[in-house]
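Chains A and B, in that order, are what the protein sequence lines are. The numbering of the first sequence is full-length UniProt numbering, which starts it at 1 and goes up by one. The numbering of the second sequence is full-length UniProt numbering, which starts it at 1 and goes up by one.
Check before you lean on any hint, since a few could be wrong.
Once the Cα atoms are required to be at most 30 Å apart in a straight line, the calculated DSSO-like pairs of lysine-lysine come out as [claimed, not checked]:
{"id": "1", "chain 1": "A", "residue 1": "Lys467", "chain 2": "B", "residue 2": "Lys467"}
{"id": "2", "chain 1": "B", "residue 1": "Lys435", "chain 2": "B", "residue 2": "Lys363"}
{"id": "3", "chain 1": "A", "residue 1": "Lys533", "chain 2": "B", "residue 2": "Lys34"}
Quick look at which bits of chain B chain A covers, simulated, 3 or more residues with Cβ under 8 Å [what the hints assert, rightly or not]:
{"id": "4", "segment": "106-120"}
{"id": "5", "segment": "133-146"}
{"id": "6", "segment": "198-210"}
{"id": "7", "segment": "213-226"}
{"id": "8", "segment": "295-304"}
{"id": "9", "segment": "327-339"}
{"id": "10", "segment": "477-483"}
Beta-carbon label-pair distances, calculated as ranges [unchecked claim]:
{"id": "11", "chain 1": "A", "residue 1": "Leu41", "chain 2": "B", "residue 2": "Lys365", "range": "38 to 48 Å"}
{"id": "12", "chain 1": "A", "residue 1": "His15", "chain 2": "B", "residue 2": "His396", "range": "57 to 67 Å"}
{"id": "13", "chain 1": "A", "residue 1": "Thr493", "chain 2": "B", "residue 2": "His15", "range": "25 to 35 Å"}
{"id": "14", "chain 1": "A", "residue 1": "Glu515", "chain 2": "B", "residue 2": "Gln140", "range": "34 to 44 Å"}
{"id": "15", "chain 1": "A", "residue 1": "Pro168", "chain 2": "B", "residue 2": "Asp393", "range": "37 to 47 Å"}
{"id": "16", "chain 1": "A", "residue 1": "Leu41", "chain 2": "B", "residue 2": "Glu404", "range": "43 to 53 Å"}
{"id": "17", "chain 1": "A", "residue 1": "His15", "chain 2": "B", "residue 2": "Gly169", "range": "18 to 28 Å"}
{"id": "18", "chain 1": "A", "residue 1": "Gly190", "chain 2": "B", "residue 2": "His396", "range": "37 to 47 Å"}
{"id": "19", "chain 1": "A", "residue 1": "Pro168", "chain 2": "B", "residue 2": "Gly501", "range": "57 to 67 Å"}
{"id": "20", "chain 1": "B", "residue 1": "Lys472", "chain 2": "A", "residue 2": "Leu41", "range": "17 to 27 Å"}
{"id": "21", "chain 1": "A", "residue 1": "Pro168", "chain 2": "B", "residue 2": "Glu404", "range": "37 to 47 Å"}
{"id": "22", "chain 1": "A", "residue 1": "Glu476", "chain 2": "B", "residue 2": "Leu362", "range": "18 to 28 Å"}
{"id": "23", "chain 1": "A", "residue 1": "Ser460", "chain 2": "B", "residue 2": "Gln140", "range": "49 to 59 Å"}
Derived by calculation from the structure, the hints in this document are not laboratory data. As the structure is a prediction and not an experimental result, all values here were calculated from the model. Quick reminder that beta carbons are idealized off the backbone N, C-alpha and C, glycines included.
2 protein chains.
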Amino acid sequence: MLSNEKRGDAVDLSHHLSKVGQARLTSPLKGLQKYMGKPGLISLAGGLPNAAYFPFSSVSGEILAPDSFPLESGSEKSSLSWFWRLFSKPDKERTLTFTVGKYSQHPGDLDLENGLQYGMASGQPKLNEVIREFVGKVFQPSYSNWTTLVHTGNTDAWSKTVQTILNPGEGLIVSEWTYPSAMASAQPLGINPVPVGMDSEGMSSVSLRQLLAEWDESARGMPRPHVLYTVPIGQNPTGATMGIQRKKEIYDICVEYDIIIVEDDPYYFLQEGKYVPKSERLVESNTDDEAFIASLAPSYLKLDYQGRVIRLDTFSKTVCPGSRLGWFTCNPMFAERLERTAETSSQAPSGFTQIYVASLLLKWKYEGYMRWLKALRLQYRQRRDYFLDCFADEFHLQKTLSTEGYTAGTHVYYASLKPKRSFVPLSEKDVAYAKSLFSFVPPSSGMFLWLELHLEEHPSFKSLGYKALEMKLWTEIAEAGVLFAPGAMFFATPVEDDTPGYGHFRISFSNSTPEELKKAVSTLSTVLRNFMKN
Amino acid sequence: MLSNEKRGDAVDLSHHLSKVGQARLTSPLKGLQKYMGKPGLISLAGGLPNAAYFPFSSVSGEILAPDSFPLESGSEKSSLSWFWRLFSKPDKERTLTFTVGKYSQHPGDLDLENGLQYGMASGQPKLNEVIREFVGKVFQPSYSNWTTLVHTGNTDAWSKTVQTILNPGEGLIVSEWTYPSAMASAQPLGINPVPVGMDSEGMSSVSLRQLLAEWDESARGMPRPHVLYTVPIGQNPTGATMGIQRKKEIYDICVEYDIIIVEDDPYYFLQEGKYVPKSERLVESNTDDEAFIASLAPSYLKLDYQGRVIRLDTFSKTVCPGSRLGWFTCNPMFAERLERTAETSSQAPSGFTQIYVASLLLKWKYEGYMRWLKALRLQYRQRRDYFLDCFADEFHLQKTLSTEGYTAGTHVYYASLKPKRSFVPLSEKDVAYAKSLFSFVPPSSGMFLWLELHLEEHPSFKSLGYKALEMKLWTEIAEAGVLFAPGAMFFATPVEDDTPGYGHFRISFSNSTPEELKKAVSTLSTVLRNFMKN
């Protein structure tokens, strides 16, 4: 990061705006704003219902104390206590309460009169103050005039970003394995995914540079892409975490080739770190807030001295998905265009959402939210560890350093079936037991384990191919009562049956009980045992 | 309406889908749905955080009783009592309370575990049940397989509709005076407004037929439009209400020319009816629910035997704008495409919003909501009447039956300045007093009075023209502390300074105290008095 005195404003990047992004009109009511807020002003310009007709007199919430989850792993207090909490009586939870009435006592306080009224697409001032403080302290953007703008969740934020900076027929740089919903927002608008090779940190800077340097507009049928979409932490689906060195390489390439980086980062606070097998695991101990922030892979914002990053943050993973609330951090020119887009579509995020999330964060304060995030990371680490421990119990795991593909640079765990207890003779069909049937890299962030299947020994492999065999196995596991996400949908371009190496499952460990996670792994083992025989 | 046995399904209208509307992908997780809900299923497919990590233990609301406002005008209980209520102590309000906890006691009940989780873009089942019952009873669609789909407010709904059924370069049929925000959503996407003349019921069916019959594709530079946008009740800005006969004429033309009608109807329940001067006004008495529904101009849905209407409803005017919640009613083919669009943008409406609006409507029940809507209409009627009474007190009003332009077919009130009390001699400059300076049609629905200015006698009229003079007067009124919405922005195509007859203000009576409304009218009078002299 540049020191404060060295930070400049964002450079002019307005040539990246799409035709639609440029055309979004300034609100026709903008001319009225110079009069707004004048004492005694009578505004009869907008179509606002009177707050007396809002049928809510007050809304209240009971919120968890920010220290509801432990900060130390392995202690009696933690260690899957989250699981048992689900069944504990609510009165055992320590809670705080708040109430927001229709009319506030002090100007600027949250109230329903304003909170449930039409509002600026840029959201409630109280919420914006909290968000701005948070971004400054946690992500530390490297230019001076960075701006935040609330949005209604990263999916909508990405959809608005696509409209604002991409024209039909243009390319969009993505990792070769990528988040399919992001592609589903862009592709119907005529945007073409342009995949870049990956290694164990996610997108490869070497592949990116090669792609751009060798870009042949006429062969590709489109100009060199000027937008890059990335999920750098808890890469979806591989679970990779990109460190600062790689980010710097990619950022510098984007400066060189004038590319806008859209950083979709829902799993930022779910940085679980390296997986350590149970026997070698140490107790995690508490750290102060600054050390906690420093321990996280930084955002692209920290490198962004030009203002060419549009960062998407969401409360979905740290508060709740139903909030449908998040925010952009970007330069003021993009923020203004995105706000105009919001004015003509979503408008402001839900008033109820803004009231609840603002009340929560104001009640907790910055320190409380940090306390919550530290504990949340630990909860996800324990979930991840527990899930992988189940694999270690159920399968033979063998660790090998990978040097190629999306796992290059890290250890891959190869899994093979353990012999059954009643196992006696080694028949021809039992050869499968010795072979690795799948492999994975322990995810270092996020909610997912990304399983790569090795089904070449399956009797129907030659006739069915990778993709059909993936679906055949997926269906058998589903019929046995366990749902994974089939892997083919995560590939940036269509996967054919004979595309080599593309049998995968994405498996979530974020929302199940330990029993369910354990049962899912043993079901996989049981199904695989039969599957390999016919 | 056709009788039940005669109702058929919607006809095939899929040729109206835009390129983008057609291209929206089916969610890649759709294949998983056949397994969802199976007892004992372990789903590790989605990226759902565990509800234990939602920091809300419970949320509560205090809601107004559905009979909080009176059903009879003129009684001591009503008659601007809404104004005094604002300053009454909250404990005088009769309220009901509800609480939604994290885990529900009975399956299907509202809870935070599901309500704040990721959910289907189609929203919570409980909310959908209420909405479906409401549409069936109130709007009574004339085909059998009509569908409702929640959305995040009519602005977003319209934006999604534009994307789904309009291609860049196509035309969009609108009234010549129209809602500028709707145009601001469509025009940046390359959609061209095609204005149709109006009379006192809104869009003229005669003008519409003529436009379509005489459409010359090469002269117009675009094919004949296949989409019509309309605000038929409380037309924005004119406040007109379109009755069933006119709707039938327009619907039949749309069948003949194969046009989709998008009915944006936020003011449906603000049908205030005909304005009756104070001296002739009668006491309004209560009616039962069926008579109330029958007294309202019907929706296009009631005529829509083919499923070619996409109706947009919102809770913004009947509950609160901050809910950012409403619903589409349309045929299942459009609903499916709109749901796919929501999946890749807004996703589901805010969980907090869904919980609060569903809790309110479940607590009130259908009858309670009807009770609320009946009283709300009366509140707005009293506001409208009070505001027009202020004009009658402040100005000389003269009623004339209009036969042309957007007022054709109704009485127009022409306003001229009353002489000041201290008025003695009739000087040359006082000629203005005798002239009508503005006119209006009392709005029969909605929130707005639409003022037409007659400034031809102004000393600078010849040099400035209509538009600049409108802005000059607007600015003087704003400087005097009252904000109106300038009229030029409501014209479907750009207004030039010399476009005859286009000085207007749109003035809202929905959100001000009686004192403010009265003061606004006297300010207008004071400013006009000076304005006409220089």
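* Taking the CB of A:His15 and the CB of B:Gly169, does the distance hold inside 18 to 28 Å? -> The hint (18 to 28 Å, Cβ to Cβ) holds, given that A:His15 and B:Gly169 are roughly 24 Å apart.
* Under a C-beta cut-off of less than 8 Å, do 3 or more residues of the segment 213-226 of chain B approach chain A closely enough to confirm the stated coverage? -> n = 0 at 8 Å, threshold three: violated.
* Check the following: the C-beta atoms of A:Glu515 and B:Gln140 are separated by a distance inside 34 to 44 Å. => Because 50 Å falls outside the window, the suggested range is violated.
* Would you say the C-beta atoms of B:Lys472 and A:Leu41 sit inside 17 to 27 Å of each other? -> holds, 19 Å
* **chain A over the segment 327-339 of chain B, status - at least 3 residues with CB closer than 8 Å** => Not satisfied, violated; 0 residues make the cut.
* Given the range 37 to 47 Å, decide if the beta-carbon distance of A:Pro168 to B:Asp393 lies inside it. => violated, 58 Å
* Asked: For the segment 106-120 of chain B, do at least 3 residues have a Cβ located nearer than 8 Å to some Cβ of chain A?
  -> holds (count 6)
* **Hint check for B:His15 and A:Thr493 - Cβ pair distance inside 25 to 35 Å** => holds, 30 Å
* To do: Evaluate the given range 49 to 59 Å for the C-beta pair formed by A:Ser460 and B:Gln140.
  => Holds, since A:Ser460 and B:Gln140 (Cβ atoms, about 56 Å apart) stay within the stated range.
* Whether chain A covers the segment 133-146 of chain B (at least 3 residues having a Cβ closer than 8 Å to its Cβ atoms) -> violated (count 0)
* Between A:Lys533 and B:Lys34, is the straight-line Cα distance small enough, at 30 Å or below? -> Within the cut-off at roughly 27 Å; holds.
* Status of the given 38 to 48 Å range, CB of B:Lys365 versus CB of A:Leu41 -> Cβ of A:Leu41 to Cβ of B:Lys365: about 41 Å, so the range 38 to 48 Å holds.
Of the numbered hints given earlier, the model fails hints 1, 2, 5, 6, 7, 8, 9, 14, 15, 16, 18, 19 and 22; all others are met.
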